[in-house]
Amino acid sequence: MIKLEKVTMKYANGKGIFDVDFEVREGEVVGFLGPNGAGKTTTIRCLLGFAKAQNGTCTVNGLECFSNAPKIAKDIGFIAGEPAFPDGMTGLEYLNYLCETRKRDVAFDMKKKMHELIDYFEFDPKGKIKRMSKGMKQKTAIVGAFLHDPKVYIFDEPTSGLDPIMQSKFIDLVLAEKKRGKTILMSSHMFEEIERASDYVVIIKGGRIVAKDKVATLKNLTSKVFIVNGEEVTVPNTEVDKFVKQIAKKKVESLDVKQVSLESIFMKYYEDKEGAKK
Amino acid sequence: MSRPLLKYFVKKNWYLLAGFTGLLLLEFVICIFMMNLIKGMTDKLLGGAPGLSEDAPVDGAYALSFISNLFPMYGVMFPMVFYIMTIFKVLSKPVDNTSLSAHLMTGMPRWKYIATAAVFVLGSIFAIFLSVFVVAGLCMLRWGQIDWVAWLNLNASFMFQSFAIASVCFFFAGTFAATKQGTGLAIGVPIVFVLLNMLGGYIKFFGYFTLIGWIDIEKVVAGTFGLWWLVDLVFLIVTGCFFVATLFMFKRKQLSI
Numbered sequence: 001m002i003k004l005e006k007v008t009m010k011y012a013n014g015k016g017i018f019d020v021d022f023e024v025r026e027g028e029v030v031g032f033l034g035p036n037g038a039g040k041t042t043t044i045r046c047l048l049g050f051a052k053a054q055n056g057t058c059t060v061n062g063l064e065c066f067s068n069a070p071k072i073a074k075d076i077g078f079i080a081g082e083p084a085f086p087d088g089m090t091g092l093e094y095l096n097y098l099c100e101t102r103k104r105d106v107a108f109d110m111k112k113k114m115h116e117l118i119d120y121f122e123f124d125p126k127g128k129i130k131r132m133s134k135g136m137k138q139k140t141a142i143v144g145a146f147l148h149d150p151k152v153y154i155f156d157e158p159t160s161g162l163d164p165i166m167q168s169k170f171i172d173l174v175l176a177e178k179k180r181g182k183t184i185l186m187s188s189h190m191f192e193e194i195e196r197a198s199d200y201v202v203i204i205k206g207g208r209i210v211a212k213d214k215v216a217t218l219k220n221l222t223s224k225v226f227i228v229n230g231e232e233v234t235v236p237n238t239e240v241d242k243f244v245k246q247i248a249k250k251k252v253e254s255l256d257v258k259q260v261s262l263e264s265i266f267m268k269y270y271e272d273k274e275g276a277k278k
Numbered sequence: 001m002s003r004p005l006l007k008y009f010v011k012k013n014w015y016l017l018a019g020f021t022g023l024l025l026l027e028f029v030i031c032i033f034m035m036n037l038i039k040g041m042t043d044k045l046l047g048g049a050p051g052l053s054e055d056a057p058v059d060g061a062y063a064l065s066f067i068s069n070l071f072p073m074y075g076v077m078f079p080m081v082f083y084i085m086t087i088f089k090v091l092s093k094p095v096d097n098t099s100l101s102a103h104l105m106t107g108m109p110r111w112k113y114i115a116t117a118a119v120f121v122l123g124s125i126f127a128i129f130l131s132v133f134v135v136a137g138l139c140m141l142r143w144g145q146i147d148w149v150a151w152l153n154l155n156a157s158f159m160f161q162s163f164a165i166a167s168v169c170f171f172f173a174g175t176f177a178a179t180k181q182g183t184g185l186a187i188g189v190p191i192v193f194v195l196l197n198m199l200g201g202y203i204k205f206f207g208y209f210t211l212i213g214w215i216d217i218e219k220v221v222a223g224t225f226g227l228w229w230l231v232d233l234v235f236l237i238v239t240g241c242f243f244v245a246t247l248f249m250f251k252r253k254q255l256s257i
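Quick note, the sequences are listed as chains A and B, same order.
Per my numbering, residue 1 is the first one in the first sequence, and the count goes up by one each step.
Per my numbering, residue 1 is the first one in the second sequence, and the count goes up by one each step.
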């Protein structure tokens, strides 16, 4: 469904993506992990046909992305990390505009779906987008991406700006779409964000793919850092259940979970791979 | 062309069009209604308005000639400021701030966006000149009957000239959008055209490369400008070529999301 083969796109400053090669099969959800500046957005630009790769090919639904961008866009729901909207519109005007421009390609009532999604994300899109908070803008972009019920979703850090409840609701929506057989590529710089929804994870660093594996494999390699009553406790992911049962017997005044850094995932991943080789 | 996009352009830019057209009409109407007063001043200070005799009676023919002399200013500069601003709003800015992606992600091809923006810009210029033709033409009747064909030719020629310069501006805005030089070129090129056209002496010929100054106003008004159709045709060809070139360049452009 989504396929990148040896894709290279180098900027004048020497950065970019190099030999990026991975695939998202139909009905799969793949997390695209990488620190800021790793090349996630550049890869997505190539997939959406906004930029042409210097080498390699990227295809969506079997169509080459740059030359078939309009055709591909009809079947893609895209959310940008920093969504930009046409000037001077209210959220509702923007969503109505999307309904109007897409109406030739969509057979069902998009307005009905639009109102369902607005209710689901509990926001009022009547205000000017310019004056909306980051979270409100993000919700507007999310509704816009799901509106036409596309076959493929491409998300570039989709939950940035959303509060934890809305982040969770968004992941629930992604899981529901996954059940309906949709193909999803979701980029993020936070492992936690994608571990709930993804089947596979592709990790990019410095413009190169450094790891491709099942979420469960990566998850089992890492540990969780809990902060119990102000003290950090590192627990391997395989022993979280045991740990929770243990602390349930004690008096817990505060409990927090520290985010797993991507660096620690890379390190652990390589340590394990190297260990397996030896 | 995309109808929803055109509707959006009209909705978001009508006030700019209305403001510029209103201001331009106001200038013309004031000049027309105060023509005898202005004539008195120019006769006294300059010995008559350019190309008009001090002894000429203020009638329809005089009004037409007098108002035509204002076209290098009001028929070129006013529309120019308007279309530079409009092209910036419909083309340069959406590329720079990546809001163009919101349009393209609906499945709209790039050529459709460019074509719709071009239709809006050209349509706006047409609306400005149509308003001038009708309102200023009717106001001039206050001084007597005018030569409507000459007045139409004059407006049409200046409108086609604006089309051509706007298409050049559009080309630079589309081709160099999102680069450091993009906005500067789109705004700068038409201004350079005006400045080059002001050159005199042996470097005056530079002015002919600018598309400005090709229209012989006096001859158009007198009905003796035999090549008016050729000049208009060249303007239209230039317009078409630059818009097609913009489509071609924009299609290959690397865009941001």
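Rather than coming from a laboratory, the hints here were simulated on the basis of the structure.
Where hints are given, some of them may not hold.
Said to hold, decoys possible - Mimicking DSSO-like on lysine-lysine, the simulated pairs with C-alpha atoms at most 27 angstroms apart in a straight line are:
#1 K219(B) / K71(A)
#2 K126(A) / K12(B)
#3 K15(A) / K11(B)
#4 K134(A) / K12(B)
#5 K113(A) / K11(B)
#6 K12(B) / K111(A)
#7 K15(A) / K39(B)
#8 K130(A) / K112(B)
#9 K89(B) / K112(A)
#10 K137(A) / K89(B)
#11 K253(B) / K10(A)
#12 K253(B) / K74(A)
#13 K179(A) / K112(A)
#14 K12(B) / K137(A)
To be verified - Chain B side only, calculated, beta carbon under 8 angstroms to chain A, not exhaustive:
#15 T42
#16 T106
#17 N197
To be verified - Pair ranges (Cβ atoms, derived):
#18 M249(B) / T238(A): 32 to 38 angstroms
#19 G14(A) / K180(B): 15 to 21 angstroms
#20 N55(A) / K251(B): 19 to 25 angstroms
#21 S67(A) / G60(B): 58 to 64 angstroms
#22 K12(B) / A107(A): 25 to 31 angstroms
Just so you know, these numbers come straight off a predicted model, no measurement behind them.
Quick reminder that beta carbons are idealized off the backbone N, C-alpha and C, glycines included.
So, going through the hints one by one against the coordinates:
no., hint, verdict
1, K219(B) / K71(A), "violated (53 angstroms)"
2, K126(A) / K12(B), "holds (17 angstroms)"
3, K15(A) / K11(B), "violated (41 angstroms)"
4, K134(A) / K12(B), "holds (23 angstroms)"
5, K113(A) / K11(B), "holds (26 angstroms)"
6, K12(B) / K111(A), "holds (23 angstroms)"
7, K15(A) / K39(B), "violated (67 angstroms)"
8, K130(A) / K112(B), "holds (26 angstroms)"
9, K89(B) / K112(A), "violated (32 angstroms)"
10, K137(A) / K89(B), "holds (21 angstroms)"
11, K253(B) / K10(A), "holds (15 angstroms)"
12, K253(B) / K74(A), "holds (20 angstroms)"
13, K179(A) / K112(A), "holds (21 angstroms)"
14, K12(B) / K137(A), "holds (20 angstroms)"
15, T42, "violated (44 angstroms)"
16, T106, "holds (4 angstroms)"
17, N197, "violated (33 angstroms)"
18, M249(B) / T238(A): 32 to 38 angstroms, "violated (57 angstroms)"
19, G14(A) / K180(B): 15 to 21 angstroms, "holds (19 angstroms)"
20, N55(A) / K251(B): 19 to 25 angstroms, "holds (21 angstroms)"
21, S67(A) / G60(B): 58 to 64 angstroms, "holds (59 angstroms)"
22, K12(B) / A107(A): 25 to 31 angstroms, "holds (30 angstroms)"
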